Amino acid sequence: MPESVSSIAEKAGLSPGVLMHVGEARLENARIEVLSYDQEKCRQLEAGVEDLDRLRQEPGTTWIEVQGVHDLEVIQQLGKALGLHPLLLEDVVNTEHRPKVEDYGEFLFVVLKILHFNREEMSIEPEHVSLVLGDGLVVSFLEADRHPFDPVKKRIMAGRRRIRRLGADYLAYALVDVVVDTYFRLIEELGGLLESAEDRVLAEPQKETLLMLHRLKQVELTLRAAILPLREVIGNLTREDSDLLSEAIGPFLRDVHDHAAHVIEASEAHRETLNTFLELYHHAVNNRLSEVMKVLTIVATIFMPLTFIAGIYGMNFKRMPELDWYFGYPLTLGVMLLLALAMVLFFHRKRWL
Amino acid sequence: MPESVSSIAEKAGLSPGVLMHVGEARLENARIEVLSYDQEKCRQLEAGVEDLDRLRQEPGTTWIEVQGVHDLEVIQQLGKALGLHPLLLEDVVNTEHRPKVEDYGEFLFVVLKILHFNREEMSIEPEHVSLVLGDGLVVSFLEADRHPFDPVKKRIMAGRRRIRRLGADYLAYALVDVVVDTYFRLIEELGGLLESAEDRVLAEPQKETLLMLHRLKQVELTLRAAILPLREVIGNLTREDSDLLSEAIGPFLRDVHDHAAHVIEASEAHRETLNTFLELYHHAVNNRLSEVMKVLTIVATIFMPLTFIAGIYGMNFKRMPELDWYFGYPLTLGVMLLLALAMVLFFHRKRWL
Amino acid sequence: MPESVSSIAEKAGLSPGVLMHVGEARLENARIEVLSYDQEKCRQLEAGVEDLDRLRQEPGTTWIEVQGVHDLEVIQQLGKALGLHPLLLEDVVNTEHRPKVEDYGEFLFVVLKILHFNREEMSIEPEHVSLVLGDGLVVSFLEADRHPFDPVKKRIMAGRRRIRRLGADYLAYALVDVVVDTYFRLIEELGGLLESAEDRVLAEPQKETLLMLHRLKQVELTLRAAILPLREVIGNLTREDSDLLSEAIGPFLRDVHDHAAHVIEASEAHRETLNTFLELYHHAVNNRLSEVMKVLTIVATIFMPLTFIAGIYGMNFKRMPELDWYFGYPLTLGVMLLLALAMVLFFHRKRWL
Amino acid sequence: MPESVSSIAEKAGLSPGVLMHVGEARLENARIEVLSYDQEKCRQLEAGVEDLDRLRQEPGTTWIEVQGVHDLEVIQQLGKALGLHPLLLEDVVNTEHRPKVEDYGEFLFVVLKILHFNREEMSIEPEHVSLVLGDGLVVSFLEADRHPFDPVKKRIMAGRRRIRRLGADYLAYALVDVVVDTYFRLIEELGGLLESAEDRVLAEPQKETLLMLHRLKQVELTLRAAILPLREVIGNLTREDSDLLSEAIGPFLRDVHDHAAHVIEASEAHRETLNTFLELYHHAVNNRLSEVMKVLTIVATIFMPLTFIAGIYGMNFKRMPELDWYFGYPLTLGVMLLLALAMVLFFHRKRWL
Amino acid sequence: MPESVSSIAEKAGLSPGVLMHVGEARLENARIEVLSYDQEKCRQLEAGVEDLDRLRQEPGTTWIEVQGVHDLEVIQQLGKALGLHPLLLEDVVNTEHRPKVEDYGEFLFVVLKILHFNREEMSIEPEHVSLVLGDGLVVSFLEADRHPFDPVKKRIMAGRRRIRRLGADYLAYALVDVVVDTYFRLIEELGGLLESAEDRVLAEPQKETLLMLHRLKQVELTLRAAILPLREVIGNLTREDSDLLSEAIGPFLRDVHDHAAHVIEASEAHRETLNTFLELYHHAVNNRLSEVMKVLTIVATIFMPLTFIAGIYGMNFKRMPELDWYFGYPLTLGVMLLLALAMVLFFHRKRWL
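Residue numbers (our numbering), protein chains in the order written: chain D, 1 to 353; chain E, 354 to 706; chain B, 707 to 1059; chain Y, 1060 to 1412; chain L, 1413 to 1765.
Hints in this document: simulated from the structure, not taken from any laboratory. As the structure is a prediction and not an experimental result, all values here were calculated from the model. A virtual CB, placed ideally from N, CA and C, is assigned to each residue, including glycine. Any given hint could be a false lead.
Stated by the list, open to error - Derived lysine to any residue pairs resembling SDA-like cross-links, with alpha carbons at most 25 Å apart:
1. L:LYS1492 / L:PHE1529
2. D:LYS217 / E:TYR457
3. E:LYS560 / E:ARG499
4. D:LYS217 / E:GLU625
5. D:LYS207 / Y:GLU1248
What the hints assert, rightly or not - Label-pair distances were calculated between CB atoms; the ranges are:
6. E:ASN382 / B:MET828: 52 to 60 Å
7. L:LYS1492 / B:ASP809: 35 to 43 Å
8. D:HIS348 / E:LEU564: 19 to 27 Å
9. E:GLU478 / B:LYS859: 49 to 57 Å
Produce the complete structure using the sequences and hints provided.
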């Protein structure tokens, strides 16, 4: 991923904590949506940064969804309004930061990646997601105009009992769960590609197949690179002794941890399969070389002796009694035929034919 | 295992804890069998979900065997009757969940896999098994109409002293032991296949053999993927400080842990052997190419010079004194014969013949 | 080791703790020999199971040596007489159990393997050894009619001071030490085979050599599989906080642990050497192919142009002035010779000759 | 890195703690610059060793920057003036020492490497950097006349609030951060080279490409060898329970730790890509051999039978009726043509053409 | 290292603690030299075993240097005089024992290896060194007549302040440091060999080069096998909570630990380089095969069609109008030439020429 560090490198030498958006800006203006709910009621509103402090005071759970992390001013104001650490904000806007979980005492900060698979270019496009879990508060930061968290929003608004009853920590879990579930879809898609690749490997070996196999391998490596820290992140969360995580959240965290482990194992199985395909491919290439060589050898072994015999009777010696025999010519042809048949038999015995 | 995640992916976005059967429904209706026993007596009855609460109250050990985890309604009712956590039920019906052990305080929850080997397709079909261990209670969930736990049932009904005397934890151990024992049978079957593969590798190398070796390798990988978490699961159980596990159960758990370790080691030995076979196979392929090339080289090296000599005396120069010699022709043939013999000797010395 | 699990698989479904001999019965009847000694005196007697309880009461150290673990009745009675756990007895008679150490409170139980190398078949035959260390008591179980522990017996009877003075734990150590020492002999024998293999690798590459190298590699893997758990076993013993192990035994245990580590390192060095040999072997095969191809290319490159020239002057065109030249023939031969020399020079420059 | 140990070897046998500069002296005289600042004011001065003791007494934070570690006398005097341990000084002047962190109680000592990439020679030139963190004091040692720390100096003099407010530990962190940021630039440059290499691999395989790939691989290995201990160093710093590190520094240390982890992951992705390129390269080479063999086989298979036919009618038998046929010659040519076409068709079907 | 265990194997079955010299006796008689010093004075004397007890009583630090560990009687007496454990003495005389550190309470026992590189045979000859650190006492055991510790002796006698001031633990450190420093020299020598090997690899590939690379690899493996336990040994020493190690020794131990880590990293870099060389070698071999095949293919492809044409006009058909053409012969030659040129052009386009 040479590109993924390029813009960080530009930033080298800047004071840490100075906000600088790393990545592509996909949305014109940052949009802030707030969802405030408890077991009885649920209010959704689009808010400005100036309303946040007031909103926070409300009882129940407040979910602040920020779309467009490139809007540094808004992020900065929001950080000030909520009292977030400058380094936390820096990681929110640096869309190339690795997944991690960080305990800032008052806040738990989680960085995740949603992975989108580009089937045409056989590449993975990561989307940077950050979550801040505070007391009765969840702030989610997204860079794109996609809406991966909408199903959760619908569940809240539909009044599903559990998500309404359990607090902010369960909401944070539900959002992490959405991210992990996208990996299942990715793994499924890759599995389908693998199956179609198998047919191509067992058929004629072609350079395109080899390139495809290697590209799939790199995709699996990227996938693994994204999920390994995620599993660690969730593992840390389950061990985290933070007041922000109630005891009831334990089984849910272990559940999402299991899911991440499942994805990693499936991805490793994919890589094993890819390695098998690569071996089969190389076998097919070798096999083909052997086949080519066999054809050459069979042709040469049959025709060289025959040509030699023809060459003998093409010599111009004065005294070559065979040339004057009445059946010299058909006899020679017969000998040649027998020789050729013997060769064919020999190759048949050696199973080359 | 691309298929194994497909149906989980469909589930993505649903609220966690909402039951959804993942996998193939193999049985029409869920069947619940209850075995209630202590040292003196033993009662077996087929029960409905509504009887479970009453049955639980009975003294001694109660084993509730549920067959058919696809029957979500029954599972849900049973979970309510016994007070099981929604996530636990979710893992019971998700037949693609990884092996694990989870401590829910009042209950210990164990997920296992029975592996069935399909010899025709050289593939492994996993069967999802979940066990819930409560105070004086074991609930076992199976998806299929197979009856792997029948030997244990017979032991209980036959009044074997130990299983009757030791409580629910020993029953749970006995069920886990049954699962691990199936791995021994699998390993044995794979060992037999390996032996038959050896003969095919040492004989003529064929593409089918290569495919078989690679398929066996994937089977071993699947086996390992199933047992590694199992060993971890049992290892965690031995360390588990749960009130549900009496001290007397310790040696038994360590015993089954040893068995799992044995299976893993045997499987690793199999993979080493497979790697050796693959190397031997590739050697055989290379060797064959060398042999082909040797035949070609020997033929070419013998006949090219001879054909050249014949070509010389096939030239139409006016003055070629040899052509007029009385013994020109036999002399030339003699020289050719000597040359051929010299070549054969040369190749013999080089051990190509 | 496909065979090694076969008989365990047969046992699947049986109640754990039910004794069943796994392995080959090599001795007709179990023999029990007892050696009772302290610093002053030493008594050796052949005893029946019924005498054991009485013998145990004697002061000093009692060593009960049982030969023939297939005699289930005797083992069962002995276990009852000494109060051994049923699972312990199960591991004593299961001659395919992995090395391990298990603390049963009153007893320390150690399972080990003596490895016999079968030079003809290039395979390792493991011999199952179990040791029980109790208070003033050591019970050793052997399956075979070999007597690996005789040197220790002789040392005791000869009145060597240390073994007489130090108690049962030192005796157990001495027996473990005997087992580890057999590995040194095995490593030495394998080392000798490796040296002889080196010569064969550097000479002509042959399929037999390849098979031998692969077989040696598997022997080393089996050896490692046997010693790795042994090292762990002894490592656990050194950390074991059992009352049965006096403090004086510490350095001895660490010593035998060092020996096991030495054997493992030597075995790993062997495997590295084997890998080098395999690489050299494959180089030799490749090299040979190159050599074959060179011969072919040289011959073809020299004779094809010459044959072509001969072919030209074999054409039957009416007007070919060269054919009428007086020195046409010798000139042509001279040109051919020069061409051949030029080719040879070319190949010499390319270092193909 | 055979050179990197050469001068240490010369030193073997010397008393440890005896200062000896290992490495190349790049600067004539050591230069000492001192920056003394607190939230209000900031003073920069070039100082001699004799002033150091007095400077240290000043309130606020003192940064002593030493350029030219080859000047052993100055280093020695400085060490005495500040009370640094002889082994610490030894590691300062040994420019080949590995990155590490060492807690000397009163001082924390950090050794780092700045890596400069020499694009012409495809090699990495490490620059040795040592930092000493004391109470209100940071001493930085550089060997070269480069000024990597100038941006930090500018930030201090520009009166940036955070660096002025937070103390010596933050300054030390800022310097470490500068070093880590240089790795991002390196990774970016290597990524660019990788991209250009991809084109060369997919084009004609050439020995130069292979050499370049192997050299890039070694560069990545060197990079990794430099960063692995660095990550460890920073990991240790975050766990370090030193009074010299205030609590406020925690998030910053974890941040730089994350950066180091990011660089390591990017470097591992590079190596995976390089391995893919090497495999593709070898495929291209093999492919080419196959192509060569195909051309040979096609030509030989077409012309050998044709030449044989021509040879037959070149024989000088008296009675060869075909020779007298009116259309003998064109018929033969026609047969030859048909044969050649059949061959071409055959190769076309086999997809060799 | 098959030889390294041979003599240990002979010893199998002997009582542990019975002294038996394993290895080659290089010196006729054991020599004992004693150096007794404190900050003020320093006495050197050659002593017999009988004087040792008295010497030990002296204040200050006593260094007993024993040369010739084959002299079992002297070692035994010395052990008795100083009260050393029999197992300790066993490891002193077993010159094939692995590096280790062992805490015998009153004594710390360290086993090390000095590695001598035999450049002719490309092999490493290890020299067994043992150190015993007691209260105010260091005993060093060497097997050979080399004097690796002389520089330390000189430093003591020259009155260097630090070694005189710091006690026996510093002396022990200084001796360990000498051993580690010899590894630097070895690494440097191997680095030089690597550089010279690079040239041979890039030139013509020869079997000797391959053998040399494999031998170097084995040397690096031996080196690593010797240093890995050493690093562990020193790591254990730094953690060792022995009264024999003063606090002042901590930084020195960590320093020598760093050096060992440096050597291991350098050795691993060497092995990576060797692997690269081996890959380049194999590339060169493959490349050569390709080149050979190209020459063959070019020659065959040019001359086979030409020879065929010549063959056509060598046929003896009655009616072959071309034969009677006036310019038939030169025309045919011209066609041949054009054909050959076309081929050459074709190969040039394919970049085979």
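A quick look at each hint next to the structure:
| no. | hint | verdict |
| --- | --- | --- |
| 1 | L:LYS1492 / L:PHE1529 | violated, 36 Å |
| 2 | D:LYS217 / E:TYR457 | violated, 39 Å |
| 3 | E:LYS560 / E:ARG499 | violated, 36 Å |
| 4 | D:LYS217 / E:GLU625 | holds, 24 Å |
| 5 | D:LYS207 / Y:GLU1248 | violated, 29 Å |
| 6 | E:ASN382 / B:MET828: 52 to 60 Å | holds, 58 Å |
| 7 | L:LYS1492 / B:ASP809: 35 to 43 Å | holds, 37 Å |
| 8 | D:HIS348 / E:LEU564: 19 to 27 Å | holds, 25 Å |
| 9 | E:GLU478 / B:LYS859: 49 to 57 Å | holds, 54 Å |
Comparing the model with each numbered hint stated earlier shows that hints 1, 2, 3 and 5 do not hold.
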